[in-house]
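> The primary structure of each chain is shown beneath.
There are 4 protein chains.
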Amino acid sequence: MKPVRVGLIGTGYMGKAHAIAFKSAPAIFPLSTDIVCEMVAEVDAELAAQKAREFGFNRFTADWRQLVTDPEIDVVDICAPNYLHKEMALAAIEAGKHVYSEKPLALSAIDALEMTEAAEKAGVKTLVGFNYTKNPTIQLAREIISNGEIGDVVHFRGTFNEDYLADNQLPFTWRLKREFSGSGTLGDMGSHLINLAEFLVAPMTELCADIQTVHRERPTPDQPGNTGTVENDDQVHLMARFANGAMGTLESSRIAWGRKNGLWFEVTGTRGSLIYDQERLSELQLFTNDDRPSRQGFRRILTGPQHPDYANFCVSAGHGLGYNDMKAVEVRDLIEGIAADKPMWPDFRAAYRVNVIMDAIEQSHAEHQWIQISV
Amino acid sequence: MKPVRVGLIGTGYMGKAHAIAFKSAPAIFPLSTDIVCEMVAEVDAELAAQKAREFGFNRFTADWRQLVTDPEIDVVDICAPNYLHKEMALAAIEAGKHVYSEKPLALSAIDALEMTEAAEKAGVKTLVGFNYTKNPTIQLAREIISNGEIGDVVHFRGTFNEDYLADNQLPFTWRLKREFSGSGTLGDMGSHLINLAEFLVAPMTELCADIQTVHRERPTPDQPGNTGTVENDDQVHLMARFANGAMGTLESSRIAWGRKNGLWFEVTGTRGSLIYDQERLSELQLFTNDDRPSRQGFRRILTGPQHPDYANFCVSAGHGLGYNDMKAVEVRDLIEGIAADKPMWPDFRAAYRVNVIMDAIEQSHAEHQWIQISV
Amino acid sequence: MKPVRVGLIGTGYMGKAHAIAFKSAPAIFPLSTDIVCEMVAEVDAELAAQKAREFGFNRFTADWRQLVTDPEIDVVDICAPNYLHKEMALAAIEAGKHVYSEKPLALSAIDALEMTEAAEKAGVKTLVGFNYTKNPTIQLAREIISNGEIGDVVHFRGTFNEDYLADNQLPFTWRLKREFSGSGTLGDMGSHLINLAEFLVAPMTELCADIQTVHRERPTPDQPGNTGTVENDDQVHLMARFANGAMGTLESSRIAWGRKNGLWFEVTGTRGSLIYDQERLSELQLFTNDDRPSRQGFRRILTGPQHPDYANFCVSAGHGLGYNDMKAVEVRDLIEGIAADKPMWPDFRAAYRVNVIMDAIEQSHAEHQWIQISV
Amino acid sequence: MKPVRVGLIGTGYMGKAHAIAFKSAPAIFPLSTDIVCEMVAEVDAELAAQKAREFGFNRFTADWRQLVTDPEIDVVDICAPNYLHKEMALAAIEAGKHVYSEKPLALSAIDALEMTEAAEKAGVKTLVGFNYTKNPTIQLAREIISNGEIGDVVHFRGTFNEDYLADNQLPFTWRLKREFSGSGTLGDMGSHLINLAEFLVAPMTELCADIQTVHRERPTPDQPGNTGTVENDDQVHLMARFANGAMGTLESSRIAWGRKNGLWFEVTGTRGSLIYDQERLSELQLFTNDDRPSRQGFRRILTGPQHPDYANFCVSAGHGLGYNDMKAVEVRDLIEGIAADKPMWPDFRAAYRVNVIMDAIEQSHAEHQWIQISV
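Protein chains in written order, with the numbering used here: chain A, -12 to 362; chain B, -12 to 362; chain C, -12 to 362; chain D, -12 to 362.
There's no promise every hint is true.
The list makes no distinction among identical chains, and a pair is therefore deemed to hold if it is satisfied within one copy or across any two copies.
[To be verified] With a cut-off of at most 25 Å between alpha-carbon atoms, the simulated SDA-like pairs for lysine to any residue come out as follows:
1. 164 <-> 0
2. -11 <-> 323
3. 164 <-> 302
4. 329 <-> 166
5. -11 <-> 37
6. 108 <-> 294
7. -11 <-> 155
8. -11 <-> 33
9. -11 <-> 276
10. 73 <-> 206
11. 329 <-> 130
12. 164 <-> 232
13. 73 <-> 299
14. -11 <-> 45
15. 329 <-> 41
16. 164 <-> 303
17. 164 <-> 97
18. -11 <-> 43
19. -11 <-> 160
Just so you know, the hints here were simulated from the structure itself, not pulled from any lab data.
As the structure is a computational prediction, the values presented were derived from the model and not from experiment.
Kindly generate the complete structure, drawing on both the sequences and the hints.
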């Protein structure tokens, strides 16, 4: 079978995570075909060369447009800043490439829709990097819910909190400007949480949100005393109603001291509950009323070979996966989707929905009222 | 000094907790005066007699009106169902007694206000049983916040979830009717959480709430197949803004499988955070950015003799207090307040505020919009 | 029925815990008879008077011999330092009193045996304050083991670690001298652990121990630079074999930084396991292979009304008991044992066995070899 | 610089983990040279071919002797069963290859010594797969201890418990025979714990051990009712003294229900303590008496970019490493050691020491007494 040849745009935090996954996935999973790490694009040619070498890619370029039109590339992998996703994806789609993009897909729902429709029209495959749902533990959570093991879901409480901007003396960067990043914690972590909540519960039908930029000015490196004005949110939370009638709250913060990868949720059903904490990503706590009352309790399930995908990493339970392992599962989905010409999830349309909800959240805050989700 | 003579109305769950506290408090604390357990009132005379004997009270009556006017009673302690609080408290106040009442104070803010004004006019002392703030661990949390150890509070997330009605086959009772209980989980647990949130953060200025009765019909014991219609809430949550600008969410449920005493909160400040879980009531988790970065982490503080009130129970740290111990602190506050003729907290006025917020929550849900808190 | 009249010797840490329990137990439990708090003995008359008043006892004395022979006393409760237990208990027995003594019962097995035989010959009842086994959670653990829910026990690992002497600048006290305290952490906490291990598993048949005094000199308050020589153990651990063939390790330390009430154990059986941590005294973690493999995990059971004795404290699960509550259960056992003229556990003979094992531990260390337990 | 060409013997559990690491390490770390995955050896040629393809190796063989003498191989990586380590390593050393071997190095100390001396004489580099010490969290633990942040170590309590043979109906395999596996849980997990204890504390000088085979017969697949006799240990524990005077207990079990990767330790020093749990491999709990008493507590440090090696995996703290990531660090050490011609740790001599202690443990059990460690 033809190998899948990858072109990677962007070699920062996420670019590296993708590179590691392209290298490790074939040894982890029985893939249907090979992966060829073909080309890296980075704005600076020297950096591009260095990263191609480090990441084990064959070629490099300082011009991402060259990458997206290169005939030796099957998939364009976009790990560039958010504001560039649209332009890059549309160019790749136009060149007939499959697109694997980091999240959030776009700075607005309207942009995301344009990208989605272009991809669907072109018939290329798309996958967006909402990697947390790829975790075997999260897959197990969904399986438990789908099986009805906790009954009908009646409540969801989820957070995605970190503290990477909690220190108000951290310098101003382009990430704090709307034109480059769009929203703040909402797009960065909130988008994952939205995707996850709907993955586990049901589509949201209505929401009411509140948003705050707590640290409005941050020092700029240019001159002592100078500051830049932060244009996007430090913390956001919302109440939601889901299509199945469940209630929920979602919260995201980048200033929540002590939280390092605080993707956390509790799902309550009519027969049981689940609790998950991303900082302990190979554990799931399950409570079910099947147990006799005097022996009931949240049980801490350690992910193991009985659970989805885990056995590919390790045959012993509880040995634990790491952050980068979730990307390996994602890459497996990418390669298998392309190899078998089957749909991938979450694709651009699914990611578009996340953008719709993000827009609704900002609208709800601006209008200080509940908003219906129309899509 | 004159002893404080107590009349206890109601001998159920809370009545017993109060009785234990009246007995244990004098051995735990160096009280300024003695407590005399004078009289118990219970609707059934035989039960009243039995409970007086069990609880170690001198006399009993089947007529609470007799108790509130008895000249040998200094404090009337109301542990009767919510809908009776008002009538009993007003009668006690009229008789010139101090009043110690369980929460929520009343079925509505207007009733609570009437009770508050009556007590203030009569010059009697009042105390309402929001016992969770009496926990040394919670007092420590407040001390840490007041000291500025976590900086300015920017977010509060609190829940008070239990599962005592999660099973939808549990029979219908009077507690599920508005005329007897008022609201459901909102009054039962939500009221505690409201009181606690304001104790730790600041007064709420605005809120937006959502409420649900998930199990609308429950079987009545009379005949198989018959059901009663539940009139109050199974789960409620809300977003709030506090006077200091902080955002918050509060949530309460009586159908949250697995949660047994799920009073839980996380307070995030500009310099650190606190996490508390009532199911581990002698632990507080503190994160502070004072620690150097590579050694930062939530630290689990076990309550001990360095913390408020703990040393009275035990001179060794980490030996742990229980639920009933919080009531002993509350009784200490009651006795010392009366003995020294000084204000107690939370008094009727403070409890009235909780009723105001409870009303605003129900209004917000009914009107499906944000509501300003006017008091 | 005749009330049980109590005489309490010693009003320090444990004396106060006992006093609280005598006051609270009747309100907590449906006792068969009343408790009369009759007399307190303390070396200093003024202190004795003050404590009698604080603890709510009728009379006081500065001469414990007067207490043990007082005709109005039914039970002598010994909360005096360890080296006085024997003399006091023998005097009380001679006076025909029941004896409730703190642990360890004696400074040596031979003393404990003398006390045991005296009590048995006199036909008085005895109870020794190994209070941790009174915790409903520990009772549940035993019930689970006895039911065979974790199969046959094959391993026990237990610790009882605290840090109250971890700071080597803490001053020298009489507790650090053998003539007054006997052993150090071994008698103080190790004795509880020995009692608990045999309660849960089986009698020990053989052991091999190691003991250390880490901080050999501590400052005396008399003059800067002066020190006293510590004569008993800071840390002790041992391997054991139990009569049922199980292996085990036991460890106790008073210098284990961070451990505040670190009575912790894990019991492994052929079908499951239990984990307990006294710092979370209302939780028990149970793993059983009855659960299907993909849903197995340690479940955190919160003690509740389905479990032994809990409902007397509170009708809601997970509300939590505290350290003093265990003493209330112990007092219940004392009163019911006397009232019904039935055996109590652990009595002097059971406590003697603990002294036998403590002696074997010290012998094993001294001889640097395994020792058979002969009783 | 010349690449390092790897020959991998064995493609089971560990072989796969090594393969993943050879692929991912170059993308994770800035290695000094390239890794060439040259050849795989597996007993069955077809399986060898399949695994070479899956793992991304250039060639394969069904004869490991061909691999060890192949001129295109620089390092022989031994992931074959324990009883083959010696023969393979000696052959590889004779062929002048560097050797990377799984643990335990050999079935006995005498064999390990022969291997060590052969390697040292030949001047080849060696590395043994005690991977747990490669975890950034464990490196942090060692750094904290080395810095004196917890003072002088006075106690170590470590376990390495799993439950993979807890079910006594699991079939008999060659791993349960001494000639193929040597000891049981002692070699499998105990060897890691020994290595770790000495890494963190000091060399052991003396020990006393107890060992048990709980399930002595297991069904053989040949015929219902037939069983095979288990020849090695299900559980082992020991007391030790370390060269610095510290006391310790070590325990390992393969029948400890509920423990999945239960490498757990607590190190107590004169100024603080550390707790670690491999099932939460990116957390370290640190207690230090530097904190003021009322704010002391075990703090949960989430491994992050401030800690050793972590930033290579991820720039955000708390995102978590997995089991396979530790092998990537190990491979980094292997490649850098060869590239820079510098010593690696743990080499054969360090692994020999582990075998010495394993032998002493078995001797101690057999002789039922304390044993001095002579090396």
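> Decide, hint by hint, whether the structure agrees.
Now the hints, each set against the structure:
no. : hint        : verdict
1   : 164 <-> 0   : within (19 Å within a copy, 48 Å between copies)
2   : -11 <-> 323 : within (12 Å within a copy, 35 Å between copies)
3   : 164 <-> 302 : between (46 Å within a copy, 22 Å between copies)
4   : 329 <-> 166 : neither (35 Å within a copy, 50 Å between copies)
5   : -11 <-> 37  : between (28 Å within a copy, 18 Å between copies)
6   : 108 <-> 294 : neither (36 Å within a copy, 48 Å between copies)
7   : -11 <-> 155 : neither (51 Å within a copy, 47 Å between copies)
8   : -11 <-> 33  : between (31 Å within a copy, 23 Å between copies)
9   : -11 <-> 276 : neither (50 Å within a copy, 46 Å between copies)
10  : 73 <-> 206  : neither (30 Å within a copy, 56 Å between copies)
11  : 329 <-> 130 : within (21 Å within a copy, 50 Å between copies)
12  : 164 <-> 232 : between (37 Å within a copy, 23 Å between copies)
13  : 73 <-> 299  : neither (34 Å within a copy, 29 Å between copies)
14  : -11 <-> 45  : both (17 Å within a copy, 19 Å between copies)
15  : 329 <-> 41  : between (32 Å within a copy, 22 Å between copies)
16  : 164 <-> 303 : between (46 Å within a copy, 21 Å between copies)
17  : 164 <-> 97  : within (19 Å within a copy, 48 Å between copies)
18  : -11 <-> 43  : both (20 Å within a copy, 16 Å between copies)
19  : -11 <-> 160 : neither (42 Å within a copy, 41 Å between copies)
The earlier numbered hints that this structure contradicts are 4, 6, 7, 9, 10, 13 and 19.
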